[in-house]
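Undergrad: The lines below spell out each chain.
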Amino acid sequence: MTIQDRTRPATPPASAVITIEAVSKVYPVRGGVLKAVDNVSLSIPRGKTVGVVGESGCGKTTLSRLVLRMEPPTEGRVLFGGRDVWKLGRSERKGFHRGVAAVFQDPYSSLNPRHRVSQIVLEPVRVNMGRESGGLSRVRLNDLLRSVGLPEAAAGLYPHEFSGGQRQRIAIARAISLSPDLVVLDEPVSALDVSIRAQILNLLKDLQQQIGGAYLFIAHDLAAVRHMSDEIAVMYLGAVVEYAPVQAIYNAPKHPYTQGLLAASLPPDPRRPNLDATIFGEIPSPIDPPSGCRFRTRCPIAVAHCAEERPPLRERGDGHLVACHLAD
Amino acid sequence: MSQEVQPFEGAPIVTPVEIGPRPRFRGLRAIRRYPVIPLFIIGVVVLSGLLAPWIQPHEPNSPDLLASLEQPVGFGGDWSHPLGTDELGRDVLSRVISGARISLLISLSVVLGAGAIGTVLALVAGYFGGILDAVISRITDVFLSVPFLLVAIAVVGAWGASTQHLVVVLVFMTWSGYARVLRGEVLRIRNLEFVKLARVAGCSNGRILFSHILPNIVNPLVILATLQLSAVIIIEASLSYLGLGVPLPQATWGGMLAEGKNYIGVSNAMVIIPGVTIALTCLSINLFGDWLRVRLDPRFRQL
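Chains A and B are the protein sequences, given in the same order. Each step along the first sequence adds one to the number in the numbering used here, with nothing skipped, and position 85 is 85. Each step along the second sequence adds one to the number in the numbering used here, with nothing skipped, and position 197 is 197.
Check before you lean on any hint, since a few could be wrong.
[Unchecked claim] A few chain B residues facing chain A, derived, Cβ under 7 Å:
| # | residue |
| --- | --- |
| 1 | A201 |
| 2 | G202 |
| 3 | N205 |
| 4 | I208 |
| 5 | F210 |
| 6 | L214 |
| 7 | N219 |
[Stated by the list, open to error] To list a few chain A residues with every Cβ distance to chain B over 12 Å, as calculated:
| # | residue |
| --- | --- |
| 8 | S15 |
| 9 | H97 |
| 10 | L111 |
| 11 | Q119 |
| 12 | E152 |
| 13 | G212 |
| 14 | A248 |
| 15 | F280 |
| 16 | E315 |
Since the hints were made in silico from the structure, they are not lab data. The beta carbon of each residue, even a glycine, is placed where N, CA and C say it ideally should be.
Here chain A stands alone, though its shape is the one from the complex:
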């Protein structure tokens, strides 16, 4: 609470912080084009966490780069507060940078080794708040450090004096320094020791309660995504194949890929060997994806029709979207 009150009045509730509208991102590569993100639509509700899961190379990170306005989409639009992020004026762009922050995977390269912690954490404030930031900085710095569980004395130190987990806390303090509406968490705990992952995830959850921002949580660790998310998008070869509230995904996955992912990740249970839905084979090249349904080459239940028509993402009851001809 303290953190939010100091920067600005709470923004009026609206349906979504960021809306991704039919976005595609195509990279030219030798021998063709690579469709990293293929016609993805997603909206991140205010104050909620949307999890994105999928194997490496499925476009999760490209999606996060599009949301963060680091690259323009090839097709489609990314809307922030109802406005296309690539058509913002100067002052609106400031608003975007104030409202959106990120935490990346690698806590070592995420922090400038030449800057002190105080400089790292307060940079978004200095850059976006201009003169207003001046007197607030020190108090705010201490608040921020405390809220991520670091001592105030950390402010004067350099990043190399901290462990990976502590560095990630510094990165988080920076991300929440302006109480953003959206924090993109791109594999925030993947590079950390298993023993401190839970700490960081719980810290993120607590902070979300405090600042009321939304999270776009990208991970390949299904347990972490389940712990964090309200809604989950499962991606395969650049496209969303299933989108549903967290309970629906974990209790009643409808897409064979989701079923396979879950089967591959559940802890082994001798009483219930879960081998029927395992995914076989390798992920196909995104430069030359299979015809029709992109998952058909590895799908245990694929039929001839799957090679002909690409299944659209269709609602199958209660906000559960599935892109499969055979899902019911």
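Starting from the structure of chain A, add chain B where the hints point.
TA: Only chain B this time, still in chain A's reference frame:
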């Protein structure tokens, strides 16, 4: 310390940490931590350069034919000319001091000029990329492939030897080394996460370049600059030796070497003294640069 290692038995064996013998003198420890000797030599050279007009015992360019080719003290000379005199009876010590001034002036100007040009071009090329990068990199390649001692000789030969010409030519021929090495470094740093996060936070290109990237290329810049500093001293000496550097009446280390070689049979001090001066100065600068590199990197900094 002939303790036998006994596996599978009781408490783990803890070997006491070996501590080297304590240095007997405090001075020894300082020498280990700071480059005392190189700093001393650099200090002497810099002070000589700065204070040359006041500390040189004789006018460096005034001949005294009655006192020509005197030996240094300890080799048959006397204290009126501690390092002896040259063939025209000019005081060698005064000429070394006066030469320090000119060597420092030239090498510092060259390093500052070339470093500034190279750094700016590297930042622009590495950060903005695209056509800008292609153009700058190709120009850099061209300059790197030119044998610059030859160009320096040609240009100084064409324009006439003067200190200014020398500096301009050396800057022109040495900036490419900075541009090449630093561009790669900029390219590497530009793709690190903290630069992406800076962009996410809304930092301007200027802020990213000067607050995020520039401080992170200081290391290679310092290494290059110190190597160049000594390299430029040597090049200046080479050109002066060839008679294409600083015009003649002015004393320079390279020029002294050139004159001394004609009298090497009579007074080898005339070669040894400027030669040793050049070698010691360059070695000291390199050692100092190495120490500075470690010192500048916060990861090596011990509080």
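Undergrad: Are the hints correct? Go through all of them and say.
TA: Verification of the supplied hints:
1. A least Cβ separation of about 4 Å between A201 (chain B) and chain A falls short of the 7 Å threshold, and the interface hint therefore holds.
2. For G202 (chain B), the suggested interface contact is upheld, since its CB lies about 3 Å from the closest CB of chain A, less than 7 Å.
3. With a cut of 7 Å, the hint placing N205 (chain B) at the interface with chain A is violated, because the nearest CB-to-CB distance is about 12 Å.
4. Interface restraint check for I208 (chain B): the shortest CB-CB distance to chain A comes to about 10 Å, outside 7 Å, so the restraint is violated.
5. A distance limit of 7 Å between C-beta atoms decides the matter here; for F210 (chain B) the minimum to chain A is near 12 Å, and the interface restraint is violated.
6. The beta carbon of L214 (chain B) comes no nearer than 9 Å to any beta carbon in chain A, farther than 7 Å, and the hint placing it at the interface is violated.
7. Checking N219 (chain B) against chain A: minimum C-beta separation of about 10 Å lies over 7 Å; hint violated.
8. The beta carbon of S15 (chain A) sits about 24 Å from the closest Cβ of chain B, which is more than 12 Å, so the claim that it is off the interface holds.
9. Once the 12 Å rule is applied to beta carbons, H97 (chain A) is inconsistent with being away from chain B; the minimum gap is 3 Å.
10. The claim that L111 (chain A) lies off the interface is violated: its Cβ sits roughly 6 Å from the closest Cβ of chain B, which falls inside the 12 Å cut-off.
11. Distance to chain B contradicts Q119 (chain A) as a non-interface residue, since its nearest Cβ pair spans about 9 Å, not more than 12 Å.
12. Remark: the non-interface label on E152 (chain A) is consistent with the geometry, its nearest Cβ contact in chain B lying 18 Å away (cut-off 12 Å).
13. With a minimum CB-CB distance of about 20 Å to chain B, G212 (chain A) clears the 12 Å threshold, and the non-interface call stands.
14. The beta carbon of A248 (chain A) sits about 32 Å from the closest Cβ of chain B, which is more than 12 Å, so the claim that it is off the interface holds.
15. Every CB of chain B is more than 12 Å from the CB of F280 (chain A) (nearest about 35 Å), matching its label as outside the interface.
16. No Cβ of chain B comes within 12 Å of the Cβ of E315 (chain A); the nearest lies about 33 Å off, and the non-interface call holds.
Hints 3, 4, 5, 6, 7, 9, 10 and 11 from the earlier list are contradicted by this structure; the remaining hints agree with it.
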